Structures are given as structure tokens and as C-alpha cells.
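Colleague: Sequence:
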Amino acid sequence: MAVAGDETESASTGEMSGYQICTPTSSLPQGVVMAGSPGSLHSPPHVADETTRKRQLRLMKNREAARECRRKKKEYVKCLENRVAVLENQNRTLIEELKALKDIYCHKVE
DNA sequence: CGTCCAAGGCGTCAACGCGA
DNA sequence: TCGCGTTGACGCCTTGGACG
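When we follow this note's numbering, the leftmost residue of the first sequence carries the number 1, and every step to the right adds one.
It should be emphasised that the hints constitute simulated quantities derived from the structure, not laboratory data. Everything numeric in this text was worked out from a predicted model, so none of it was measured. Fair warning: there could be bad hints in the mix.
[Claimed, not checked] Straight line, CA to CA, 25 Å or less: simulated SDA-like cross-link-like pairs of lysine to any residue:
#, residue 1, residue 2
1, K74, M60
2, K99, V109
3, K72, R83
4, K99, L87
5, K74, E64
6, K74, L87
7, K99, N89
8, K74, A85
9, K74, R63
10, K73, D49
11, K72, L59
12, K99, E88
13, K74, N62
14, K74, V84
15, K108, E97
16, K74, L59
Based on the sequences and whatever the hints tell you, model everything.
Modeller: Structural data, given as C-alpha cells:
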């Protein structure tokens, strides 16, 4: 597995709608290009070239957009997991506190 | 070892929403 | 209406672990 590990500990209360970003990370790997564009058939060569070029450009942009989208999604999930952990801790603490208060109250009544 | 399987990443397509 | 960015869905590939 070769996963670019980006650690983001954003204290967890980060509410993210539409995948908000906590830590900016940017990397632009190599560009893989596929050939073939349907629109280039039966067209003058220069038009076909232009069509192909536009397609390549679109594919390249979308490739990087997809990467970025996945990165944001992962980060979003990580934030949510952090939040869950914090809330669970909070919940445990509150339960303990409640128990302690109940104890105190019971001893007073007796 | 070799095989199988699950998990994760990637590229592409299609659909959608938004601003010009 | 058009062009563009975003994202879900799909299929493919790679990798690591379990098992015989």
C-alpha cells in the first residue's frame, strides 16, 4: 500500500458540510493520458486535434478533481471519527459524574 | 509457495448545481 | 444556455493478510 499519509488532528469539533478542509495538502503527480476522442472522427485534422486536446485537458482536470475530492472526503471522515471519539469520552465523563452525584445524594438522604 | 479475498486507490463517466 | 467544478458510481489494479 502506498498511501500518502496526512495526519490531521483537528480537535474533532470541526463541523464539515460539503467536505470542508482542515489542513491544506497539495501534490500533483504524473499525468496519465488516454487517447481517443469520439468527436474527432470525420473532422478536419486541426479540428480533431483541438477536440482531442480539449478532451485530454478535461480528463486531466477531472482526474485531479477526483483525487482532491477523495482526499477531502477522507479528511471529513477522519474529522467525524475524531468527533465521535470526543463525544464518547464526554459521555463517559458525564455518566461518571452523574453516578458520583447520585452517590452523594443517597448518602445525604440516609 | 500459490491462491483467494477484502480493502483501498485510481481514472473515467454521468449527473447535478452554480455563476457568467 | 454554456462551461466548469464537484461528487457518486463503476470497473480495474495493487497490496497485504489468511489459508491450504
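Colleague: I'd like to know which numbered hints this structure contradicts. Please list them from smallest to largest.
Modeller: 10
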